[in-house]
Each structure stands twice: as structure tokens, then as C-alpha cells.
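With chain A fixed as given, assemble chain B onto it according to the hints.
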Amino acid sequence: MMHVSPIREPLINGEKSYNDITNDVMAPVKAKPGKLWYVGLTISALLALAGVGAIIYTIWNGIGLWGVNRTIGWGWSITNFVWWVGIGHVGTFISAILLLFRQKWRTSINRAAEAMTLFAVMCAGLFPLIHMGRLPLGFFIFPYPNTRELWPNFNSPLLWDVFAITTYLLVSLLFWYMGLIPDLGTIRDKMKTAWKKKVYNFLSFGWKGSARHWSRHESMSLILAGLAAPLVLSVHTIVSFDFATSIIPGWHTTIFPPYFVSGAVFSGFAMVLTLMIVTRKALNLEEYITVGHVESMNKVIIATGSIVGIAYITELFMAWYSGVEYERYAFVNRALGPYAWAYWIMMTCNVISPQLLWIRKLRRNLAFTFGLSIFINIGMWFERFVIVVTSLHRDYLPSSWAMYKPTWVEVLIYLGTFGIFFTFFFIFIRVFPVIAMAEVKSVARSSARKFLGKSVKQKPEKNH
Amino acid sequence: MSEEKKYWHLLEEFEPVKDIRLPKGPEEVTSPVSRRNFLKALGLGTASAALIASCKRPVEKAIPYFIKPEEIAPGKAVYYASSYFSQNEYCNVLVKVRDSRPIKLEPNPKSQVTPNGTSGKVQASVMDVYNINRYEHPLKDGEPVSWEDADNEIKNQLRNLANEGQTILLITPTLISPSTKKLIAEFVSTFGAEWHQYDAVPMNGYREANLRVFGTDAIPEYHFDKADCIVSVGCDFLGTWLSPIEFTRQYAHRRDLHRENPNLNKHYQIEAGMSLTGSNADDRIKVEREDYGKILAYLHNKITLSSSTTATTNIQFPQETANALDNVAKTLLQNKGNSLLVCGDNNPDHQVLVNSINQTLGNIGKTIRFGRNYNHYRGTEEWFERLSNANPRAVILWDVNPIYNHPESEKIKDAIENASLTVSLHSLPDETAELCRYVLPSTGYLECWDDAEYKTGIYSVMQPTLHKLFDSRQAQETLLTWLGNENSWADYIKNHWNTNYFPLQNQNTDQERYWVEILRNGEFVSDNTETSPSFNSGEIGIALNNSVSENSGEGFTVELVENVNIGTGHGPLNPWLQECPDPVTRIAWGNYASISPRLAREMEIKNGDVVLIGDMPGIPAFVQPGQADKTISIALGYGRRSGIPEDLVTGVNAFPLTKIKNGFRNYSSSGFNIKKTGEFEKLALVQGHQSMEGRPIVRVATYEEWKENPAAGNEMHEKVKHHLHSLYEKHDYPGHKWGMAIDLNKCIGCSACVLACNTENNIPVVGKKEVSRAHEMHWLRIDRYYTGNEENPEVVRQPVMCQHCDNAPCENVCPVAATNHSDEGLNQMAYNRCIGTRYCNNNCPYKVRRFNWLDYTGADAIPNNRYDPANMTLDLPRMRHNPDVTVRAKGVIEKCSFCVQRIQKEKLDAKKEGRPMQDGKLKSACQQACPADAIVFGDLNDPNSKVSKLMKDPRNYHLLEELHTLPSVGYLTKIKNKS
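Going down the list, the protein sequences come from chains A and B. Counting from 1, one number per residue, gives the positions in the first sequence under my numbering. Counting from 465, one number per residue, gives the positions in the second sequence under my numbering.
Looking at chain A on its own, in the form it has when it is part of the complex (with noise of 0.2 Å):
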């Protein structure tokens, strides 16, 4: 048995056994939904139908729709990619560079996290395809063979960006469903009816659980892991790029790759977080996802925002510090400016309220860490709205400065969004196990409150 320091915290609370593992995560599997589930299934649908239906009528009748005009080329669309693409960044880095650091805490919420990031960066890719004002013609990006001998413009951080998204899509893919096979092998197993069975057998390529298969998966996750890794740094940065590479004030940053990653992470975290505290109560997961784990999550959440913060001021200081005007009026517009209001809200957001996680107090507390999740990922929408909006509305020659205001039609798409993420989400609830069973069950030996016996100091909880 390995020694385990006693001041750790138990990852599992209660008395689990590994076949009480097993039921629990299961049960929202096994047993029929309920009403809730059906309520919020429902709502979701109808608004990513909705949304639909907001995209089709703008592929039909053109962008003109928007309110992006002749100086603001992208506006609430490319907000949202970079917003959902952020959000979708922390699955994967939880999965695989947590699990490179041998953070064991990550096992509780990995499975729910890469969910998240799937959806979430399936929602991120449609808002580039859709902002095209060609969308017929859009498969022109990818560099296929053809008569005409030609080829896409590699030089374009946009085309690094179709590859690095679907590359990390793909891997993330990979990656969340290597983990699920053995899972699925347990959920068939527990399965009664037979074509159920079937299926999760199918899904599961016949899993068999034998120590062959396992050093298969093992060797196989952490070669994915491996690879997952430097993606999960390299997908922000290549959208970054995107604004990096360009000539716009507020937009010609070197801080951008950095700073992009970690606001994705931030945001990402604050993202899971909304849905873990919720989802922890709805599927009676609280012994899995413990206080603890919101607190360590929260202890990254204060990292990051610190380094955005930071990345925040050195802009300011930057911009002045070049002396190139154009770039000291950009970052005094965005703080002064017809659009100040978006950048405080953004520095409340995203600098000042996370500093309260100091507190340790308040890191535990799990309605303030709710209510602070919802701003950061308020404040991080925020974020991307003022580098996209801001820096363009502003730009080189004031005979072209203009507004922008988004239509109907924008923020239809944007909440539709949501609509197809939680929908995803619910049906992923109903149909996989929200918790890795087999990865869980691999750390309760050591860190499960029944295996630690009696020598640990138990805190009470009291959010149970």
C-alpha cells in the first residue's frame, strides 16, 4: 500500500466500495430520467433549433443579416469561437496534462470535463464556418488535390486554425473515448436488457477487462495523452494567432499566445465548475466530486486569472511603453472609449473576483463558487469581445471608425449554441458515465476515505 501524506483530503467520501462506485455513477445510466431531465432536454433542443434555424435564414438571405458592417468584419461569431474554443480547452488539459502531473484529483471530473470540451468545441467550429459569407464553397480551406493545382494560402493563421481545431477535436475525441471503454465494458456487464447490452458492447469493442486489454488501454491513453498535451497549448495559440499575426491595434500582440492559453483555461475551469456543482447535486455525485476538488479547481482559477490579469496590464503597459500612437489610442479607447463599459465589466470579471479565492473560505463555499463561475465565463465573453470589437472599431483611419451592435439574429446563434451544448450534455448524462468508473476506482486505494482508515482528520462538510 502506498503511503498517502494524512493531511490530503479524501478524493471519495463515504463508505465506497468499488461495486459502490460502480452503481452510483451508473445510476443516472440505469435508472429512467426523470422529469427534469426532460424539461431541460427539452429547452435545450428548442433553442438549438432555433439557432438552426437563425443559421439557415442567415446562409440564405447573407451576413448583411449581422450587424458587423464595413469596418467591424467579425463580430458577435468570432467572439463566440474564441469564447466556446476557450471553454473547450479544459477537458483535455485536465485529462492529459493533469494527468502527466499526476494530479489524482482530475479522475472525478475528467470524463464530464472532456465532454464539455467536445461539445463545446463543436459548438467554437460552426461560428468560423458560418461567419463565411460563402459557406457552399467553404471546403476551398483544406488543401485537397485538384485540377486547378490550387492550394490554400499557408500562410494564413485562419488556415492554421482549421487544422489545429479539427486536429484537437479529433484528438479530444480519441482521447475521451479511450477512456470510456472500459467503463462501457462495466455498463454492459450491468446491463439487463439485451439489446442495451448489445450496444454498450459494441461501443465498447468488447472489452473484456483482461490485463492484456489493459495495458493496451493504459499505454494507449498515455500516448494520447502525450499528444493531447502540447494540442491543448497549441490550440489557443494558433487562435491567437489570428489576431496576433494581423496589423490591428489592440490585435499585434506577442503576449498573445500565452495569455489566449490561459484564459482559455480559466475559462474553461469556470465553465466546468458551473456544470460539476450542479451536476455533482442532480446526480448525487457529491461523495465523487468533492469540496475538495472544487477547491482545487478554484486554486487554478485563481493561477490563471492572475496571469490574465497580468496579461491585461502588461498590454496597458505595452501600449504605451511602444510609443506607437496608434496603439496607446487603441488601449486608452478600450478602457475610455464608446465601448469602456465591455472592458470593465471584462476587468471585474475576470481580474478582481477571482483574487477573492485567496480566501479559503470563499473556495470552499460552493454558491459563491457557482455565482464567480458564471461571471468569469461572463468576463471571459467579455474578453474576446473586446479584442475582436474594440481594436477593429477603432482602427488605423478615423473616416472608417464605426459601431457595432449585434442583431437578432447574432444572438439567436449564440444562444442556440448553448442550446446544442446542452443538449449534447444531456443526452452524454443519460448515456455515458459522467465519472471515469475505472480510473476512479484506480485511485480509491489510496485515496478513498474508506481505504485511508481512521487515522485522517475528517472535516465536516457542510455543502453535503
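Just so you know, not all the hints are guaranteed correct.
[Stated by the list, open to error] Quick list of in silico lysine-lysine cross-link-like pairs, DSBU-like style, CA-CA up to 30 Å:
| # | chain 1 | residue 1 | chain 2 | residue 2 |
| --- | --- | --- | --- | --- |
| 1 | A | K405 | B | K1146 |
| 2 | B | K1410 | B | K1442 |
| 3 | B | K1416 | B | K1371 |
| 4 | B | K1233 | A | K405 |
| 5 | A | K405 | B | K1070 |
| 6 | B | K1070 | B | K1146 |
| 7 | B | K1410 | B | K560 |
| 8 | A | K35 | A | K190 |
| 9 | B | K877 | B | K604 |
| 10 | B | K766 | B | K690 |
| 11 | A | K405 | B | K560 |
| 12 | B | K560 | B | K800 |
Because the hints were derived from the structure by calculation, they are not lab data.
Positioned in the frame of chain A, the structure of chain B alone reads:
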């Protein structure tokens, strides 16, 4: 073969040859799905799938010539010399005709009046012939009628009325066609009719003043190029006054610093509202509109101090204004004989003073010359008196719209309705034509024959360039028919020319040959003797007294102005002109009340707040820097309702505010109150920000500074040069490298280039709503910035189009390489390749790229999504498209191409003729239309080309050159002649 005789020599051969093929197998016969059929079906399926899938429309209605007409080569443009005359604006033009359709108007370099440029109105007028609202056939009481019936009925009635001695009125706008005048004289004598000319914005006050002072009612020639000092009192001579195309050329000539002896003129503008001319002045003196008379009297006093005519009454001005006016008088006196004072007021008293000042300064015969007098602006107010008092039984209206543009429209309406015979000879419906019993539609000017004598002794022709589109008949033909003249109108003109003008020349002895040459050249100039009018000082005292005693009164003064593009609002309300933003306010689609910043602050009025002025319907306000505090300026020409599509109804009609005093129209009246209504109307303002924010965008220096240092104001150019380094290899331009130089000192902002670009490049019209959402599509815009204080700012302008950067920021960000660099330095757009990410647009520091937000053109493959409020995509207006330029589909980025189609044509022409390209022969559309010659286009690889030389001028700089985008467009600093 069957008809050939067959010879046989063996009996066997006589037998028919048996089919030696194998008998058909059963499966081959019975199976309907043969290999061939299968392949056919497959082929058809693939082809139709490909057809359906490829989002292209099949070519419709392509009918080849059975016998090709000699002069028409498909794909080759033919040019016909013709003349434009409308709303008292004249331009001699070449009509570019492609495949029997006029598609563009270009200046006629052989013309004496307008050899080098046009106005925006001229450029846009080509669309008027394709106007969808034109009358398609004659009407009687709104019902179609045949020409014969209508003619017979009208002829009988006219004859009866003539026999009864009743009044018959023929009202036309100013006509400058000598043949038409002759014809009308015949008509008048035959039917005992009266002919009156009517201008919505007349100049009869000028004619009256000239009659009083010089004994002739002629409007003389003005020579702005000979004046070292120009003083304009509220006269927009670069935009709308008398002959702006001509004056712009003259004015810009004196702003050209590349001449041997550059001698910049000095231009003072004394005005209330900011006019196009005022925005170009070296010194603009802001005064109230009501004070124009007093100012003229003041200047008169100062200048003619020694002369006996002075009536020195006390004229009080604020100290600042008085000093400025003293300075003006001093400069005028220093430039005796080389100065010019003009005033834009139709008040004869004011013009008498102007004449007196110019006479005292010795300008008559130098900068003002009698002899080649202007023949336009002949309109008077007599017709109104006759119409309302003489009880006319017949009223024939030809292209006049007094119901819209006369303050007493109710009276006119009653008079017209009382007449027993009312005939309209309009080609387009309008408020007045609608009242007429008979509508005998006239043709568009590109469909008909005509001639013109714009200035005395300068004759020109108009020739048809298009077969009549509708069942219309030229008004002159109608008159000929009524007169029973069997001759065609073309013959009538020809006869007139042969009898009157042929003898005036001796180059051609053959009349036919003479006529052909006239048609080729477009203009015929006869010798002319200058006259020196006598000067009568008797009227000056009265004029002075009248001017000084003008009572400014309480309340605000409303000044009615003409917008450079819309003019008097006559005709079809061309969508191109409507969409072209005003060069001063940069507002398109509609008029507004310009108020001073101080008034706006006091009354808390913001741009677009609807205000009530007098009895006028609510009009949005616009805060205009440099506007006089007590003067509100409103543009005429808006608020038309009839004969135009619903979506084009825009603005408020300001004509009811005009005042007619002693037979002279006055375009300002005082005693108004201004009241906020609380409503708001979004203005289609294309430039919301007025200041350069201290950025080196338009670089300005004074004339004195420039004389010391030709790079004055442009010091940054040298500095930046040394900071620019690149890691990348430079582009290679082995052949040509196209470039453009724009002289900011010559550009006056008239927007002719913008409209030329629109016509040349098939730029869609998107309408007021889209323009107000910053969705305008213009490839070329004229930025306008204010510097200095808002009370009376300095104005600078800058035409901006794609800069064709060598380091183009747009090129490297396009994911599909739809925008790329040519080896001639062009930044090109492959529309077919564009997927519309708009990344290029974001990354363009000049913001010159335009995105097709909606299906503005009808080129989109998706049905039922066209957005075309101005009806520019219907079949008729589409006939005007330039076939050399692709019509862009929805979702595609577009931008200035440096008129690549023109480059290509000139290159091919040079290649065919086996010669190198000549500098100056290749002109971009904007350059060609510029009456100021401010734009020069050419090959930068040719060290002797004009553009290369300009690029080496110390005044040359590139816009945002510190970004190292290496633009191919250069700007030459603006040099102001400040005192």
C-alpha cells in the same frame, strides 16, 4: 450515296449486299438497359447533377447576329461624341457604347469647355435612360393612347384655341439648343403661343444686375485660372454655381504646384453654411447668411473708397469679421485686374455691387470676359404670372416640375387643372406631369438628336447611342408633328447647322463631310469677338442702400443650398447620386438641417434629432462645424414623391421655403424658429468621426512653408523610410508596376471620381438603411477631416481607394489565397475563390475592402433573397452594366482593382499595334472623370511616366507609410495659401 448512280459489272454485285453482322442476340434486343443506355443515363445523370450542383446560372437569351452590323463588334466599345445638358449643367462627353448599349460617359478631350473631366451627375446620368419609371407609351387621362389620336386631338384643340386667341403656354427649362429654339419660335408663331423658360434655381438676378450695370443681360465668362485672388461670398462655384466642371478645372490649375511657375491662388470664402467651395478655401470667413448684402456693401465701401458712388452708411460687424473683411479688401486691391469677386446670391442688388467691385478692380475684360457668354440659366418667373393671371387654356409642360419646386404649387395646380388642354412632354413621371391630361413621353437624352450652344459660339451635338427603349418620341419631333413638318428632327438640326454654322468655317467645303466631322468631334467653336460693356454707375447707390437696409430680423435664417450631386432634384433621382455621400457632411440619402455646434449644444440637439423649422415637416438635424449660429442650411432637391419607387422617397422638400421677391427667387429667408420634436431619424452618415486625431493622414503645409521647403509638412516621409526593413524578399515586377498619385492640393472633393468608379465597376446600390449600417459598397471614398476649432474649422480631404500595397496585409491572411499579388503590383481579387471570411477586410488598415453583405446584385445562386431597394437589378438597369467587370455575388469581398479591365485593354491594344504602352493613354475611371486632374495613374517602372515623377516629388507620401505596407498610391501634401 443513294442519289449516285451505281455501276455494276458483275451480276453478284447487283445483288444487294447482305448484312454480314451477326444476328442480334436475344438479350441485346430485349433488355432495355443496354450498355449504351446505361452510359447515356449515367452521363445525363452526372451532367445534370453537375449542372444542379454547380451554382451557376445558364446563359439566357444569347442570340448571335445573323448578319453582323458593320460598326458593332461584340466585346469592343465604340465611342460617340455627345453632350450632356440637364439642370443647367453642361458637359461635352464621349458615350461609351458596348454591344449597342451606352454604358459610360467619358469626357471629350476635344471639347473646349470640358476637355478633362465630368461631374458626378454626368457620370451617373447614363443610368437615367435605363430608368424603370419612364413612361412607356403615350397616355391620355392615364390610359394608353396612340400617337396619331393624341396628335390629332391636341392639334385640333391648339388650332381652335389659337383661332379663339386664347393663351397657350409652353413652359420648358432653360434650353440651349439653337435648333430647338428655332423650332419653338415656329411653334409660337403658328399657334400664337407663349414660350417661357423656368429654372428651379434661376440666375435671373445676375442677368438683371448685368443689365443694370453693363447694359447687357449676358452672363459673362469667368476665368478663375487668371485670378490670383478669388473672393466668393456664398458662391459654391466648385460645386453648383454656373459652370462648376469648368471652374473646377480652372481652379485646380492654379493649385497645381508642378507647373513651371507655380503661383498659387488665394481663395477667400465668406459664407454661412459650409459649402463644397468653402471647404476648399484658404481662408473661410464665417458670417451670417442675412449679412451677405451688408458684407458686399462693406467691401464695396472699402474698395471704391475714392469713387463718388459710395454711400458710406454705418455697417457694423464684430471686430473679428471686420478685420477679416478688411484683409479681403486689401488683398483684392493688391490684385487689381487679377482678382475675382463672385457672389452666389440671386439678388440683383447684391450682384450690382459685385459688378461694381469687379469693375473698380479692373477685372472686367480680364477675369470676367463678355463675349462668349453663357446661354444657360435663362429661366425667369414670368411664366408664373402668366399661368396664374392670363387664364391659359392650354398648358404644355416640357420637363419642368413647378408643383414640386415652386413655393406656390397650389396656385399652379389650380391653373393647370383649369386649362382645357394640358400636355406633358416629360420622359419621366413627376408631380407636375401627373396633372396633365396628355402625356407624350419624350426620349432620354442618350436616345435622341439634339444640339447645344452652351456658350456663345460654342456649338455641340447630341446623338442617339441607343435605339429607343420605349414607345416614346422626342419632344421636338412632337412639335414638328403638330406643326405638320414632315422632316425628321435629325434633318432639321442638320439643316440648321448647314445654313447657320457651316458658313462660319472654311476647313470643310462639303456640307456632308462637315456634318460627319462635327459628329466625330462633338463640338464646333466659331470665332468670337470679346465685347467690352459700358459701365453704368447710376444703379449702385440704390443697390447699396437696399443691401445695407436689409433687415436681419429675429429668429433663424434658413439658407437653401444645392447639394453637388442632387442639385435641384430634377429627373429620376438617380440611385447612384443618392447613394454618393455629400462631400462636406458625408451623408447620403436625404437632406437635413445643418446647425451650428453652438446651437446644438444650447438646444441639446444631436445628429438625427428631428426638428421643426417654420411650417416645414420635421427634418433631421445635423451638427455642422463651421456653420453660422443663426443660419440653418437645408439642401434642395429632396422630398420628391411622384415617379420614383417607394424606397427612394427620402428627405424633405425645401422648395416651399423659397421666396420670390420682385420676380427674383431668393434662397434664404429669415424669421424661423427651431423646435425639437423628440423624434429621431438615423442619417446615412458614412463618416462618423471628423478628426484625424493628430495622425499624419492628410499632411498639410502652408504656401510659405512650401516655398522654403518643398517637403514641408511631409518630414515624416524621409524619417519613416529609414525605419523600414523587411525580412522578406521584395516582389519582383519585371514588366509594369502600376501606381497612382493623388494631389491633395488639387482634389476639391466633388465626387465625380466616386461616381465614375460606380459606373465603371458595376458597384451595387444598397440603399439608405444599408448605408446607415456602414454597409456601403463604394470602392473609392473621399474622406473629409476637420482641423482647428469647430466654430470655423479647416477642411482637408483625401480620396481613399485600395492602396495596392506591396506588403499587403490582406494578402497573407486570406486562407484561400483569393486575394493575391500580381507581378504588375496589383492587389487582385479572385471573386470566384473568395469564401467571405472578411479577414482581409479586418486586416486592411485603410478599410477599403467591401463585403457583399446581402444579395445586392442578384448574382447569388440562392433564390428569393435579393436586397435591392433601388431596383438596380431589374432587367432594364442591368443593361447598363459594364460587361468587362464581374458582378459580384453575395458573400464576396470586393475592392478597387485599379481598373484592371482598362489596364488589360490598353495592354492588348499596345500589343496588337506592336508598340510600347504610352504614358497617359491608360486612365483609371476615377482619373478620367476628375475635372481637377488630381489623380494620375501610370507605370512606376517607367521613370519618365508622370506618376513616377510625382512619386519622387518631395510632397509625396504614402498613407500610413509607417506600417510598411508599401502602398502603390501616393498622396501629395496639401498646400494652403494661408495669410
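To see whether the hints hold, each was checked on the structure:
1. Note on K405 (chain A) and K1146 (chain B): the hinted pairing holds, with a Cα-Cα distance of about 15 Å set against a maximum of 30 Å.
2. Of the pairs offered as hints, the one joining K1410 (chain B) and K1442 (chain B) holds, with about 28 Å between alpha carbons and a cut-off of 30 Å not exceeded.
3. For a cut-off of 30 Å, the pair hint linking K1416 (chain B) to K1371 (chain B) stands: about 25 Å separates their Cα positions.
4. This hinted pair checks out: K1233 (chain B) and K405 (chain A) have alpha carbons roughly 15 Å apart, not beyond 30 Å.
5. A C-alpha spacing of about 20 Å is found between K405 (chain A) and K1070 (chain B), which places the hinted pair at or below 30 Å, so the restraint holds.
6. Distance check on the hinted pair: K1070 (chain B) and K1146 (chain B) sit about 11 Å apart at the alpha-carbon level, within 30 Å; holds.
7. For the hint pairing K1410 (chain B) with K560 (chain B), the CA-to-CA distance comes to about 26 Å; that is within 30 Å, so the pair holds.
8. Of the pairs offered as hints, the one joining K35 (chain A) and K190 (chain A) holds, with about 24 Å between alpha carbons and a cut-off of 30 Å not exceeded.
9. As the CA atoms of K877 (chain B) and K604 (chain B) are separated by approximately 18 Å, the hinted pair is consistent with the 30 Å bound.
10. Restraint check for K766 (chain B) and K690 (chain B): the C-alpha separation of about 23 Å stays at or below 30 Å, so the hint holds.
11. Restraint check for K405 (chain A) and K560 (chain B): the C-alpha separation of about 43 Å exceeds 30 Å, so the hint is violated.
12. Our distance criterion of 30 Å between C-alpha atoms is broken by K560 (chain B) and K800 (chain B), whose separation comes to about 45 Å.
In summary, the structure is inconsistent with hints 11 and 12 from the numbered list given earlier, while agreeing with the others.
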